[in-house]
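Undergrad: Based on the sequences and whatever the hints tell you, model everything.
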Amino acid sequence: MSKSKLFWLAITVTMMISFAGSAFAKPIEINWWHAMRGARGEVVQNIVDGFNNSQSEYKVIATYKGAYDEVVNAGVAAVRAHKQPHILQSFEVGTQTMMMSGAIYPVYKLMADNGFKIDWSQYLQPVLSYYMNADGNLMSMPFNSSTPVMYYNVDLFKKAGIPMLSKTEPITWDQMGEITAKLVKSGVKGGLVTAWQSWTQIENYSAIHNIPFASKANGYEGLDTELLINNDKVVNHIARLKSWMADKRFYYGGQKYQGPKSEFIAQNAGLYIDSISGIAKLKKAVHDFQWDVAPLPVESWMKEPQNSIIGGASLWVFKGLPKKDYAGVAAFLKYLAGNKSQIYWHKETGYFPITLNAYEQLKSEGYYKENPLQEVGIKQLTRRTPTKISRGLRLGYFIQIRNIINEELELVWSGKKTAQEAMDNAVARSNVKLREFERIYK
Amino acid sequence: MQLFAMIIKRSYFKTRSLPYLLILPQVVITLTFFYWPAIRGIISSFQVSDPFGFRTTFVWFDNYIALFRDPLYLKSLVTTLIFSGSVAIVSISFGLFLATMANRVLKMTTLTRTLLIWPYAIAPAISGILWLFLLHPSYGVVAIFMEKWLGIDWNPLLNSSNAMLMIVMASAWKNVSYNFVFFLAGLQAIPRSLIEAAAIDGASPLRRFWTITFPLLSPTMFFVTVMTIIFSFFESFGVIHAVTQGGPGGSTNILVYKVYQDGFIGLNLGSSSAQSVVLMGLIILITVLQFKYVERKVQYTG
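Chains as they are written, first to last, in the working numbering: chain C, 2 to 443; chain R, 15 to 316.
Wrong hints could be hidden among the right ones.
Keeping only pairs whose Cα atoms sit at most 20 angstroms apart, straight-line, the calculated SDA-like set for lysine to any residue is [unchecked claim]:
no., chain 1, residue 1, chain 2, residue 2
1, C, 443, R, 61
2, C, 443, R, 75
3, C, 417, R, 174
4, C, 257, R, 147
5, C, 249, R, 173
6, C, 284, R, 256
7, C, 249, C, 174
8, C, 190, R, 158
9, C, 443, R, 70
10, C, 285, C, 350
11, C, 257, R, 259
12, C, 417, R, 175
13, C, 304, C, 433
14, R, 89, C, 433
15, C, 84, C, 326
16, C, 257, R, 153
17, C, 257, R, 256
It is worth saying that the hints were derived from the structure and are not from the lab.
All of these numbers come straight from a predicted model, not from anything done at the bench.
TA: So this is what it looks like as structure tokens:
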């Protein structure tokens, strides 16, 4: 036998062995690309391991692909190359882009097609509604969801003679003015700081007060939506915050959370608005003072404040993969929504459980008696049934729109524009983006 | 005849195909990593497309028209010019100053020079983070010092000139080292005898610098200016991404960052491609202008 013949024989044998191996023993692999790093990434991996060990038909492979925007970009590139993963985690602002992409397999349909009858009414509605289409069908599976709450410095409050805040009854913005005035008077450098200003002060402010953020039910009912945030109520709110800057009752610490958080930790600010998922970070970082959590303030005229809206990400399923894989995807999503996964996820990360059942179980276990802070967000999120206005936002190019809002707000804070001018401009600029987005899908 | 051929052809190959074979790897690399993406970019700048590429419509110059109608794009253009100009002035003058000083160092020359070159080895994003730790109003060491002891109201989060100053410093600081290396090499190429002769004739150190050293450095100066401007147009991305993200109020949103924001984050590929084509054109224009008008004044021979 010549050398080359031997070589080919070797290759053939190897291939046959590996083929036989894959055909008989190997479970179907399901790829999940996510953006959960560090401790959260470990929790994700533990949940995945739990699923993989619970059965032998499927094997989920979870891969960290970078920050949210990087994961979405990886997904885009993968779809273009016809190498898409089964599941992709996308942040909430990318919802419209994903929904319109034509590349996804809606989750409600996936579950039904694979024989899972799911009672969606048993889910936390404000979480679910963010990812539903106009007909109320769930397009993607909510995964990590949070909502903004208000943190306050208990020691500074005591020093200034301010009573502690309720964990369920929100204070009014008028009270906020008085509290911050007292704080500043008592010698604290500043009153209130806020992280993610567009999300907390405009998106959530609008939802809580049932003020439309955009026309066409916040964009749910048509791509020809237009922003409406230059209404009197939002403009007055921004103008009020600006007026508070004169005596530092409010001041600006940056667009993201790092700046405002460090102002709160350094006790320069007595109050700090940020996502509920900040609890874990503050627990680690704060050692020299007591702090507590309260719901976001509400206007005195709003007798029945609406639910706040969520931030975070959801899981999208891509279409175009082998049919037998989807049974596994559906089984995995079902496992994720199960009490075991949900309770573990909530306890470890602070993100909301997505089913009422998991929430009830946590309650009956007495989890919220030991961890009352965690419940502030859930209570605020579930205090009313979401309306068409408070269920969420559905805008194309939402990331750029948030950037525009951030830019315009900064121009208010630095005194270059009035609140009205800035919001008018934000609306005009965002509408240009919305028209550009609409044009793609015409 | 044979002698003539040898003068024209600097290298001589036995087979005709060998030279092509030798340059093939370089051609392949240039084609795949420069021309192919550049052409794709030019094509998609004439299109409106969804991120996933399922719906693409050819729209002629709509993306460009929208761009030049957008006051913010024009503002970003001006911001870029201010930023690049400042980075060039600061990093070239400091680089030159340090090089002249280092050229005169007598003790521990290698150590001094190595230390001065170091910052160039730092990635732009890291350099940005370092400056942020110094100058962030909430946790920056220098910023807190300035506010507490000097009473300076420093706030790059809201004050656009503060923010611009910060990114110019962070970018220039890194580039000073790069320029320093070239200036030092240029200085060392200047014959000492020239300078000594001038010194004997009684020329002051300043006069010696302006009339001898500076003109002889002009090729280096030219090279460094071109490189610094290209650097500040593109490489400064890392600094801006780490320090200001284009803020406050878009006041540090230079062109290359806007390309990233609109294309990578916003997934508006048509507009983003149009912007990168404009950016490419701008760089070509600047370089051509420099070669046409500035290079004439460069003295390549003493």
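Undergrad: Decide, hint by hint, whether the structure agrees.
TA: Comparing the hints with the structure gives:
Note on residue 443 of chain C and residue 61 of chain R: the hinted pairing holds, with a Cα-Cα distance of about 14 angstroms set against a maximum of 20 angstroms. A hinted pair counts as satisfied when its Cα atoms are at most 20 angstroms apart, and residue 443 of chain C with residue 75 of chain R qualifies at roughly 19 angstroms. At roughly 11 angstroms between alpha-carbon atoms, residue 417 of chain C and residue 174 of chain R fall within 20 angstroms of each other, so this suggested pair holds. The hinted pair formed by residue 257 of chain C and residue 147 of chain R meets the criterion: a straight-line CA distance of about 16 angstroms does not exceed 20 angstroms.
Between residue 249 of chain C and residue 173 of chain R, the direct Cα distance comes to roughly 16 angstroms. Compliance with the 20 angstroms bound is thereby established for this hinted pair. Taking the CA atoms of residue 284 of chain C and residue 256 of chain R, the gap is about 26 angstroms. The hint is violated against a cut of 20 angstroms. Taken as a hint, the residue 249 of chain C and residue 174 of chain C pair is honoured in the structure, with Cα atoms around 16 angstroms apart against an allowance of 20 angstroms. Taking the CA atoms of residue 190 of chain C and residue 158 of chain R, the gap is about 13 angstroms. The hint holds against a cut of 20 angstroms.
For the given pair, residue 443 of chain C sits about 11 angstroms from residue 70 of chain R by alpha-carbon distance, which is consistent with the 20 angstroms threshold. Restraint check: the Cα-Cα separation between residue 285 of chain C and residue 350 of chain C comes to about 13 angstroms, which is no more than 20 angstroms; the hinted pair holds. As the CA atoms of residue 257 of chain C and residue 259 of chain R are separated by approximately 10 angstroms, the hinted pair is consistent with the 20 angstroms bound. The suggested pairing of residue 417 of chain C with residue 175 of chain R holds, with an alpha-carbon distance near 13 angstroms, which does not exceed 20 angstroms.
Simply put, residue 304 of chain C and residue 433 of chain C have alpha-carbon atoms about 36 angstroms apart, too far for the 20 angstroms limit, and the pair is violated. The straight-line distance between the Cα atoms of residue 89 of chain R and residue 433 of chain C is roughly 17 angstroms, inside the 20 angstroms bound, and the hint therefore holds. Among the hinted pairs, residue 84 of chain C with residue 326 of chain C is consistent with the structure: their alpha-carbon atoms are about 14 angstroms apart, no more than 20 angstroms. The hinted pair formed by residue 257 of chain C and residue 153 of chain R meets the criterion: a straight-line CA distance of about 14 angstroms does not exceed 20 angstroms.
Simply put, residue 257 of chain C and residue 256 of chain R have alpha-carbon atoms about 12 angstroms apart, close enough for the 20 angstroms limit, and the pair holds.
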